[in-house]
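Chemist: Take the given structure of chain G and dock chain U with the ligands to it, following the hints.
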Amino acid sequence: MNSKKPVIEIKDVYTRFGDRQVLRGINLNIYPEETFVILGRSGCGKSTLLRHLIGLQKPESGDIHIKGVDIIHADDEKKRQTLLKVGMLFQNGALFNSMTVGDNVALPLKQHTPLELSTIRIMGRIKLDLVGLAEFEHHYPSQLSGGMKKRAALARALAMDPEILFCDEPSAGLDPVVAVGIDQLILKLKSAFKMCIVVVTHELESVFTIADRIALMDGGRIVFLGNKEEMKKSDNPIVRQFIDRKPDQDIIDTEQYFNTLINE
Amino acid sequence: MNKVYEVLGGWGRQLFGFFKSVRQFFLLSWQTFKWLLTAPLSRKKIEWHDVFVQMVRIGVDSLPIVIVISFFIGLILAMQAAYQLHQFGASIYVANLVGVSITRELGPLITAILVSGRCGSAIAAELGTMKVGEEIDALKTMSIDPIGFLAVPRTLAMVVVLPCLTILADLVGIGGGVLFAVTQLEIPFSAYFRQSAEAILAKDFLTGLIKSGVFAVIVSQIGIYQGFQVRGGAEGVGKSTTISVVSAIFLIILADVLFTALFYSTF
Ligand SMILES: Nc1ncnc2c1ncn2[C@@H]1O[C@H](COP(=O)(O)OP(=O)(O)OP(=O)(O)O)[C@@H](O)[C@H]1O
Ligand SMILES: [Mg+2]
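Order-wise, the sequence lines are chains G and U. So my numbering is basically just the index in the first sequence, starting at one, shifted up by 1. So my numbering is basically just the index in the second sequence, starting at one, shifted up by 2.
Honestly, the hints are just simulated from the structure, not real lab data. Some hints could be false.
Pairs of lysine-lysine, DSS-like flavour, derived with a Cα cap of 27 angstroms [to be verified]: (1) G:Lys80 to U:Lys36; (2) G:Lys80 to U:Lys205; (3) G:Lys191 to G:Lys68; (4) U:Lys142 to G:Lys79; (5) G:Lys80 to G:Lys195; (6) G:Lys59 to U:Lys5; (7) G:Lys247 to G:Lys5.
For reference, chain G alone in the conformation it holds in the complex (with noise of 0.2 angstroms):
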């Protein structure tokens, strides 16, 4: 698989927010086809390396190559013409809650392609139906549960067929017997339309099923980069916490615990 060019690269990438640095030098090759998880605790800044890699956020330095296209210093037409290859499921959904499911999902279509609006429909519903919504088309996003948001929005995500798939944490939030369900979505759009997938998620199980390689990120680097295998047989104490589900260390220093009290 590394023989290929990444389709993605990241390097050095650094972000900081006021003075709380969030990035600390993010280095990442992810290639063509490949399922890629990226793992980490709450607030480690996945989100914010996703808004980065689809251009939405400049980070503070370092480099960002989306198919050789540098996303971070394009001009607008080429950014433009590179995201129209890319897919992004928020965390949040990010649905237009002005428009019905079926509008929201028809959107790109009628933006980018010169397709006549019945077959625009029609493939808005092959989406809908490929996440098992078919028959909420004409429903408005706040007509849906949080979950159905989820999944209306990762149709929406496909609708222009992407190359790229960044998913953020696309089964938090569902029942088990749904999540289960995108997981196998996300490996049936890998196996027939040989997407390159991106997933943020904090669901062990589905990582274990869909990853081809998983990267943890702790304390704004990446602490960890293997296989399933390599994952499960690490001794790295990150690692081995996040599988092990173990809870944070006790405070040993009582201290700095103080400290940290009074200092607000």
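Modeler: Coordinates of chain U with the ligands only, in the frame set by chain G:
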């Protein structure tokens, strides 16, 4: 001493922040106009359907309030004018006063202020909610330009509808004057009509309309800017909505002063 530095520093930061937001405001407005100017040349499509939807929304939202308020304004003007002119036995000139001040000044101004409170704020709230819900980010990732998709239709709709509402406000306001003159001053309708027709020049009416076009740009651009720059959650949306109304009204009146000084100062 430290206190002084603190206060001065605070003011400095505020002033800096103010100029920064002014700059961003003009940048955003410029982007909208650039989009409109280059649209015919490139393959960008104006979302006529959205323009239409927005026009209906602005019109329907503001119609009742614009009609009621401008009628009252006409009435008030007529009453105040009558009080003065009656003393000279010149009651018929109520028609001049009402007609000219409504078409030149109050029609465009009152309409713009009402629409800013009714629809400028609604634009800010809607776009702000979209910003907070990452909908605008989602548009960008789908390679859909939020300027063309959201800002342009709202601007166009406002620039079309506000002058229309102003024409209506002019007519209704003059109607208020007529009602008072006919019922209370016992001026015959035909005389009042003739007097008004003589007094109101086409130029008054047209400059009023041009003015309302400028106000439309102000109201729409402020609403759009305040919507796009929302930070934080629902609280941020509320704050931006309020600011959008206050700053739009301020800019409308400022523009009106400049306009009046430019066109009427010699009269
Ligand atoms: N716009 C912002 N302004 C300030 N801080 C931010 C902003 N966005 C994110 N952060 C901070 O950056 C850190 C990383 O946020 P991010 O959303 O990337 O976390 P995450 O890894 O996706 O977490 P989760 O698994 O809970 O979604 C958080 O500590 C957050 O407080
Ligand atoms: Mg996140």
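Chemist: Does each hint hold? Answer for all of them.
Modeler: Hint by hint, here is what the structure shows:
Restraint check for Lys80 of chain G and Lys36 of chain U: the C-alpha separation of about 19 angstroms stays at or below 27 angstroms, so the hint holds. Proposed proximity of Lys80 of chain G and Lys205 of chain U is contradicted: the alpha carbons are some 49 angstroms apart, above 27 angstroms. As the CA atoms of Lys191 of chain G and Lys68 of chain G are separated by approximately 18 angstroms, the hinted pair is consistent with the 27 angstroms bound. Between Lys142 of chain U and Lys79 of chain G the CA atoms are separated by roughly 13 angstroms; this keeps the pair inside 27 angstroms, and the hint holds.
Taken as a hint, the Lys80 of chain G and Lys195 of chain G pair is honoured in the structure, with Cα atoms around 22 angstroms apart against an allowance of 27 angstroms. Pair hint Lys59 of chain G plus Lys5 of chain U does not hold up; C-alpha atoms about 37 angstroms apart against a cutoff of 27 angstroms. For the hint pairing Lys247 of chain G with Lys5 of chain G, the CA-to-CA distance comes to about 37 angstroms; that exceeds 27 angstroms, so the pair is violated.
Of the numbered hints listed earlier, those contradicted by the structure are 2, 6 and 7.
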